[in-house]
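Chains as they are written, first to last, in the working numbering: chain P, 1 to 453; chain R, 1 to 453; chain U, 1 to 453; chain A, 1 to 453.
It cannot be assumed that every hint is accurate.
Said to hold, decoys possible - Restricting the straight-line Cα-Cα distance to at most 27 Å, the calculated cross-link-like pairs of lysine-lysine (DSS-like) are:
| # | chain 1 | residue 1 | chain 2 | residue 2 |
| --- | --- | --- | --- | --- |
| 1 | R | 112 | R | 38 |
| 2 | P | 38 | R | 381 |
| 3 | P | 38 | U | 112 |
| 4 | P | 38 | U | 319 |
| 5 | A | 319 | U | 38 |
| 6 | A | 427 | A | 303 |
| 7 | P | 381 | A | 255 |
| 8 | U | 9 | R | 253 |
| 9 | A | 255 | U | 38 |
| 10 | P | 38 | U | 9 |
| 11 | R | 381 | U | 262 |
| 12 | U | 38 | U | 112 |
| 13 | R | 319 | R | 234 |
| 14 | P | 303 | P | 259 |
| 15 | R | 253 | U | 319 |
| 16 | R | 319 | A | 319 |
| 17 | R | 38 | P | 9 |
| 18 | A | 427 | R | 38 |
| 19 | A | 38 | P | 253 |
| 20 | P | 38 | A | 38 |
| 21 | A | 38 | U | 38 |
| 22 | A | 38 | U | 319 |
| 23 | P | 38 | R | 9 |
| 24 | P | 38 | U | 255 |
| 25 | R | 9 | U | 253 |
| 26 | U | 255 | P | 255 |
| 27 | A | 381 | P | 255 |
| 28 | U | 9 | A | 38 |
| 29 | P | 319 | U | 38 |
| 30 | P | 381 | P | 303 |
| 31 | A | 212 | R | 253 |
| 32 | P | 381 | A | 253 |
| 33 | R | 303 | R | 262 |
| 34 | A | 319 | R | 260 |
None of these hints come from the bench; they were simulated from the model.
Quantities reported herein were computed from a predicted structural model and do not represent experimental measurements.
There are 4 protein chains.
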Amino acid sequence: MYFERIESKGLAHYSYIIGDGTEAAVIDPRRDCAVYEKMAQEAGLAIKIILETHRNEDYVIGSAELASHTGAEIGHADSHLDYVYGQPVQDGQTWHVGQLELRAIHTPGHTKGHMSYLLHDPDGSPWMIFTGDCLFAGDVGRVDLLGMDRAEEMAGLLYESLFNKILPLGDGIIVCPAHGAGSLCGTAISERSWTTVGIERRKNPKLQHREKKSFISHVAKELERPPYFREMEKLNIQGAVRMENLPSPSPMKAKEFGKKAKDAIVIDTRMELGFSAAHVPGALSIWLGGLSSFAGWFLPYAKPILLVNEMENVEEPVKSLFRLGFDRIEGYLAGGMLSWHTAGLESHSIPTVTVQELCRLLDARKNPFILDVRSSAELEKNGRITDAVHIHITTLLEHAEQVPKDRPVYIFCGSGMRSMIAASLLKRLGWENLQVVLGGLAGWNSVSCPLDL
Amino acid sequence: MYFERIESKGLAHYSYIIGDGTEAAVIDPRRDCAVYEKMAQEAGLAIKIILETHRNEDYVIGSAELASHTGAEIGHADSHLDYVYGQPVQDGQTWHVGQLELRAIHTPGHTKGHMSYLLHDPDGSPWMIFTGDCLFAGDVGRVDLLGMDRAEEMAGLLYESLFNKILPLGDGIIVCPAHGAGSLCGTAISERSWTTVGIERRKNPKLQHREKKSFISHVAKELERPPYFREMEKLNIQGAVRMENLPSPSPMKAKEFGKKAKDAIVIDTRMELGFSAAHVPGALSIWLGGLSSFAGWFLPYAKPILLVNEMENVEEPVKSLFRLGFDRIEGYLAGGMLSWHTAGLESHSIPTVTVQELCRLLDARKNPFILDVRSSAELEKNGRITDAVHIHITTLLEHAEQVPKDRPVYIFCGSGMRSMIAASLLKRLGWENLQVVLGGLAGWNSVSCPLDL
Amino acid sequence: MYFERIESKGLAHYSYIIGDGTEAAVIDPRRDCAVYEKMAQEAGLAIKIILETHRNEDYVIGSAELASHTGAEIGHADSHLDYVYGQPVQDGQTWHVGQLELRAIHTPGHTKGHMSYLLHDPDGSPWMIFTGDCLFAGDVGRVDLLGMDRAEEMAGLLYESLFNKILPLGDGIIVCPAHGAGSLCGTAISERSWTTVGIERRKNPKLQHREKKSFISHVAKELERPPYFREMEKLNIQGAVRMENLPSPSPMKAKEFGKKAKDAIVIDTRMELGFSAAHVPGALSIWLGGLSSFAGWFLPYAKPILLVNEMENVEEPVKSLFRLGFDRIEGYLAGGMLSWHTAGLESHSIPTVTVQELCRLLDARKNPFILDVRSSAELEKNGRITDAVHIHITTLLEHAEQVPKDRPVYIFCGSGMRSMIAASLLKRLGWENLQVVLGGLAGWNSVSCPLDL
Amino acid sequence: MYFERIESKGLAHYSYIIGDGTEAAVIDPRRDCAVYEKMAQEAGLAIKIILETHRNEDYVIGSAELASHTGAEIGHADSHLDYVYGQPVQDGQTWHVGQLELRAIHTPGHTKGHMSYLLHDPDGSPWMIFTGDCLFAGDVGRVDLLGMDRAEEMAGLLYESLFNKILPLGDGIIVCPAHGAGSLCGTAISERSWTTVGIERRKNPKLQHREKKSFISHVAKELERPPYFREMEKLNIQGAVRMENLPSPSPMKAKEFGKKAKDAIVIDTRMELGFSAAHVPGALSIWLGGLSSFAGWFLPYAKPILLVNEMENVEEPVKSLFRLGFDRIEGYLAGGMLSWHTAGLESHSIPTVTVQELCRLLDARKNPFILDVRSSAELEKNGRITDAVHIHITTLLEHAEQVPKDRPVYIFCGSGMRSMIAASLLKRLGWENLQVVLGGLAGWNSVSCPLDL
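Chain P on its own, in the form it takes in the complex (with noise of 0.2 Å):
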């Protein structure tokens, strides 16, 4: 018997497979699925069956260039779509990969034709559960992408398949879904790596409200949405093209990049502090750790894309960004910013202050502005600061004007990453007077200036 969950980090997008004398399931595969096919061949398993839980939005799914290298069967759930590869996944539908059986369950809510799969464990019983979008450690799937004017039906919809589907198979089975802590998909996954329905009904904080109107009224929120999920909506539909047919980025000398930049997008995925002290002008920072979180919010699908990276670095970013259907990255800066400087090109910077140093701007009353880029919700669990304007960063673009330009703008967040992001961005419309507040709120936190909370 083999099992192993695949991590994609950033995504917090978890993938499985499972595997039985010579034979394996995949459930939920990413677009850069190599991983699986080399997994299945050192366990001498053949890849069967590929099994997808819903459409997904906020990744490329790979099963159709995993099951173009092994012939595996496509079944897909979310029928109701114009689907061009798989077939679709009938309720209750049943699978044997070696003398494992898995199940389908429809479990609809995040998706109408949402899918969860039962596996049983070589005795015959009832094992693990793959829960998809349906169940999160901590959280459940978000129910508002159909538009909020259907998103209390879909909760109630969610609310049947957890309270009368998932709940009653038992507090022992194990609980795998399809993201961990940190995800666009749900906003307080827990990071309890892995659970069980036991757990999730003692603990989950959804599935406390278990009169059905409470719980809807709950969950059915609006929820942010990068706009990159539509581009991913329908990739996920029509498959994307194969990774194997993608060019891989050519390294650029300075000169040669300046030139490309001019058309392109540049991000530059250094830590916030080197992109602070020196960039290329108008690139946009995002760190290497924050691509799969911020890149589908700010990148056009239609732009080439160059990149900027701690030297050495250019596989991560680059399956960062495939993984979110951004194909066209031409390039990056050889020998990064270092190549850039020697090559006598100038570069721009963000200053930086230290919350001291905001600390001490408040004391002398020189009342800066201060523009908070955190999310609403960071505010009301974690305190705001005085007078700051608020602003998310998801947001930042469409509000920008409430940003002024004639003074000295602090840009702060809970540690200064985003806030670096935020500056990028504001920076490349044609503010100029710009700080970024290192360590943000945690840091704020840690001395002892005036917080209201």
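Chain P is fixed; fit chains R, U and A onto it per the hints.
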């Protein structure tokens, strides 16, 4: 948060590393403990705590070695024994690993001082329990190690540990035992690679005996105990030699190997077929995957060991033997059997027969002597071969006199692998007319010869 | 500056990647070309140029596949052939890789349009020469591929290439050939893994014939040519199927394997001893390390291929076969021979004898039929066995009628490995009374039986 | 036959492993010597011989550690020194590695007892020479280590070694030195990564001085000597602490790190830009790739070391420091600078300017104080900056008083990397008004400001 299970194949031993913030704990580390240090370093964690569930008897524990590299504190259970390292753990004692909490629960039965460790998740709820050799997937710990005269007493303690301490934690708790399927520490461990209290409560055959008396009578049984257990019990109180101080075995040319073989035990780790065709005279056949299970039955600690391997595979067999405390591995045959033959040295062979050939002999009423080396449990479960003489392989050396020397002996097991071990043991003792039945009972069952069930 | 040699074991094929700044060139890439892409990416290089020294006949060249991934320009030699990819290289043509310069030197002889490529170091001095199949360590390229009627003409061209173009470059130049010891492209390639013009000038036996006539008469010889060369010659002009479009072979259960075996060629890649003890009826024995050398002699391209391997080793044999253009590998026996026997399927065996046993037969004047399958060159160099019948293994199928069916045949080679190939070939054709002599001549020479030199 | 070169990046140190049959030899092993053991094991070789070309002064040699694991015999050169391990090598001494022969050739000059080792190929011909610090690609060993009063004497010895011992071996011999481009052991080592006697004879600038006198006058020069050389010289006679006994550095939370930093040296291994924006007060900037070259100039052996790294990269800097004998690395800042700021701790910054900005200052006749920390050789070769004050970075601590504290100082080097080291050194000593010029001379040369050549 960080959680990984490390499996030592062959031994079917599970150890665990848990981390949060900058701290990590390791439960029941194995001897070759670099794996934990590497994982911790890559995750930015310092190993602060090493916990043992009990004084192990089936492998060399790595606590002392790991502590010497990391400065971690060792907590050992079974504190009534004369430990020369670490501190005894108290029932109820707690440790913190970042925001995670571990709590010791005294769960005697397998040993007197056995501890389980309950892990709370970052929200402070009970989450996982490290049950050592108390509770496995599908089985419970053996209770015969203090002698059969105390087995009922120990089974009673185990009953209390299971029914009054572990099951009450709730069905949703994830159970992390020290062994998986294939271990010598349980006879019936399930292939279910992850499990929960709920699944065990419903499915574990031993836990269906809810009356204490009934439980005791089903559990207080004598199981086989390989002679190496005694050595492990001693080493695991005294601490073993550090891995880094063990010389790594040298490649030896055929003639040198042949000379050294006179005062050593030669173990041939190739598959049974290669051994059958030709092997170094006197060699013991134990295929690589079977080393952890069988070396401890037949190898003495006092003699140097020499290895014959399929070419270029020396790291795996050496690691397997080191885990059982066989430190005196002096070398291996460079270039494998090919080099033995090209050096003009003579080899021996042990013939094989297919089940069809055996069948033909039986049909022709040739009345062959069939030696079945499977365990009694297998015979009961899977059926006997008419007229076969049964001696379990682990007791073969004691009962060898039952095997005739003056007529052909056909050796039979589940698949043919153990039969080759048995044949090599007998051959070392002077038997000559030995044949191994390929495919064993599994093969036998696929053809239509008489088999009484 | 970046320089690496990539060796394909078995084929004894060398390819090279050279880089400087952000650019790289690859010389004579192999078919599984991901290795170059990975190296280039890790070194921050873009592969811009792919150069072929000649139209290869012994492996599938990866130029077209590598170019399709990287956009590199392909330069091919032998431009009088009908290439469907790349641009013909002109004598004297130069390319720049960063500050390095490569210059083509027309060096016909092995083929008519063969090119060598002279690399200049960053200071602009001649440094290394990529000699393809013109000059090897200890040998020169074969000249018989256009037919023996043109061999003297080609040897004359080769003489000019070597003595008037390569040797004049100076003793210090490092020689980078396309093959090392063990290749079918030379009979006498030395084990000296790195070499220079000076070492070859002094030590290469062929280069000691400094008179053109003498050189021609020593070089214009017919060498063996495996039938697969024809297929390679064709593929290397047309371009092969892309690796990514080849399905990966599936694990098959024994019964399914047995059924499919009827219309396929089964290749057993285990060492000769395991094959000897038991194999799938009809299987051809070619041990893993010998696949590159022997598969091309005995495998047809038209039939599907099935593999039997030592457990868990499928990647290596598949890669070896793909490199020779054997793309129709449909599957492999999951679980190896053990699963064959546990499924109750019948296997065959081929007995072995040690050299001692053969010796005893000879001493007893049993007059056994000894079939020696070594090459004529080996016989000359290493000695004959009295009264053995000599048929080189590569011509065994044509001369099989010389082998008697009515008396025991003892098959003999250098070590016993090729003998098992020969035995499996004969067995497929109906021979039954076959025995393989373990250790072969090497073993024979270590014992004191009559051997005339 | 087996031959591999192992490169230690940064140090630009080359060591070699040679094998044949079942035996291997290692030349000049580095301290972290597991690499040789792993290679040998995978190739089925036992390391029997370890040879040192000389008592090294620029890194900790791993002979004693490697011998303790393998039982190999150590041969050391410079036997007039008080070695506590190994046996002195005699001129002309030979060793056999399988069929290969190694022969010692006394080649004094760099040190008195320096040995080169001539390797013969399997055919018995001279093939490669391991020249240690006698002959490099493009350079020869330095002769000033015994003091400038003996430099001419040593240069004379070196002349004899090169012209009378190495060059006569013939142009075709492959030269395998102990260092490549970038080493502190030569000022002019070429980027030509493989070389031969012939190439050096024709191209090595020092070898163009064929008259002894002329050679001596060009070679007997004083080169810089980092203070750590003394420690290495001592350690390499006494033997260093075993790697396995060095504790591995712990991740530390920001506050703990801050406390320990008071009695330690903090080294920040991030790229210069991140350091510029924010760093732990008092930290010394040495980017990861520069550690091997610069740590030995500025770090004391007596103080504990703490590291700040780009996240998740601790293995590389630790290894680099261990190779220089810096064993007291107590910990690193877990979570990097982000965790420092989120803990609310104050950081410092050092501003940067682009070459354009410096240019504008010059154009505006602001007369800035420019401190050029390049070496004299660089100034001569690449040009000076008008009115810059020149202090080579390696002597900055001695001449710091030449740098004003009362006006802005613009620090300048080749690219900006060393300037940041210099800035961090000065800042630790109390300078405040420091700016680093990004791009350094390379950048400067790409813009059109006045530069006198």
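To see whether the hints hold, each was checked on the structure:
1. Straight-line distance between C-alpha atoms of residue 112/R and residue 38/R comes to about 33 Å, which puts the hinted pair past the 27 Å bound.
2. Between residue 38/P and residue 381/R the alpha-carbon distance is near 37 Å, which puts this suggested pair outside the 27 Å criterion.
3. For the hint pairing residue 38/P with residue 112/U, the CA-to-CA distance comes to about 43 Å; that exceeds 27 Å, so the pair is violated.
4. For the hint pairing residue 38/P with residue 319/U, the CA-to-CA distance comes to about 14 Å; that is within 27 Å, so the pair holds.
5. For the hint pairing residue 319/A with residue 38/U, the CA-to-CA distance comes to about 25 Å; that is within 27 Å, so the pair holds.
6. Straight-line distance between C-alpha atoms of residue 427/A and residue 303/A comes to about 19 Å, which keeps the hinted pair within the 27 Å bound.
7. For the given pair, residue 381/P sits about 25 Å from residue 255/A by alpha-carbon distance, which is consistent with the 27 Å threshold.
8. Restraint check: the Cα-Cα separation between residue 9/U and residue 253/R comes to about 23 Å, which is no more than 27 Å; the hinted pair holds.
9. In summary, the hint linking residue 255/A to residue 38/U is not supported, as the alpha carbons are separated by about 41 Å, beyond the 27 Å threshold.
10. Taking the CA atoms of residue 38/P and residue 9/U, the gap is about 22 Å. The hint holds against a cut of 27 Å.
11. Taken as a hint, the residue 381/R and residue 262/U pair is broken in the structure, with Cα atoms around 36 Å apart against an allowance of 27 Å.
12. For a cut-off of 27 Å, the pair hint linking residue 38/U to residue 112/U is broken: about 33 Å separates their Cα positions.
13. The straight-line distance between the Cα atoms of residue 319/R and residue 234/R is roughly 20 Å, inside the 27 Å bound, and the hint therefore holds.
14. Taking the CA atoms of residue 303/P and residue 259/P, the gap is about 15 Å. The hint holds against a cut of 27 Å.
15. As the CA atoms of residue 253/R and residue 319/U are separated by approximately 31 Å, the hinted pair breaks the 27 Å bound.
16. As the CA atoms of residue 319/R and residue 319/A are separated by approximately 26 Å, the hinted pair is consistent with the 27 Å bound.
17. Note on residue 38/R and residue 9/P: the hinted pairing holds, with a Cα-Cα distance of about 19 Å set against a maximum of 27 Å.
18. For the proposed pair residue 427/A and residue 38/R, the alpha carbon gap of about 36 Å is over 27 Å, so the pair is violated.
19. Proposed proximity of residue 38/A and residue 253/P is contradicted: the alpha carbons are some 38 Å apart, above 27 Å.
20. This hinted pair checks out: residue 38/P and residue 38/A have alpha carbons roughly 24 Å apart, not beyond 27 Å.
21. The suggested pairing of residue 38/A with residue 38/U holds, with an alpha-carbon distance near 23 Å, which does not exceed 27 Å.
22. At roughly 25 Å between alpha-carbon atoms, residue 38/A and residue 319/U fall within 27 Å of each other, so this suggested pair holds.
23. For a cut-off of 27 Å, the pair hint linking residue 38/P to residue 9/R stands: about 19 Å separates their Cα positions.
24. Our distance criterion of 27 Å between C-alpha atoms is met by residue 38/P and residue 255/U, whose separation comes to about 25 Å.
25. For the given pair, residue 9/R sits about 23 Å from residue 253/U by alpha-carbon distance, which is consistent with the 27 Å threshold.
26. Annotation: proposed proximity of residue 255/U to residue 255/P is violated, straight-line Cα distance about 63 Å (limit 27 Å).
27. Taking the CA atoms of residue 381/A and residue 255/P, the gap is about 25 Å. The hint holds against a cut of 27 Å.
28. Proposed proximity of residue 9/U and residue 38/A is supported: the alpha carbons are some 19 Å apart, at most 27 Å.
29. Distance restraint check for residue 319/P and residue 38/U: the Cα-Cα separation of roughly 14 Å lies within the 27 Å cut-off, and the hinted pair is therefore satisfied.
30. A hinted pair counts as satisfied when its Cα atoms are at most 27 Å apart, and residue 381/P with residue 303/P does not qualify at roughly 37 Å.
31. Proposed proximity of residue 212/A and residue 253/R is contradicted: the alpha carbons are some 50 Å apart, above 27 Å.
32. The hinted pair formed by residue 381/P and residue 253/A meets the criterion: a straight-line CA distance of about 24 Å does not exceed 27 Å.
33. For the hint pairing residue 303/R with residue 262/R, the CA-to-CA distance comes to about 11 Å; that is within 27 Å, so the pair holds.
34. The suggested pairing of residue 319/A with residue 260/R is violated, with an alpha-carbon distance near 39 Å, which exceeds 27 Å.
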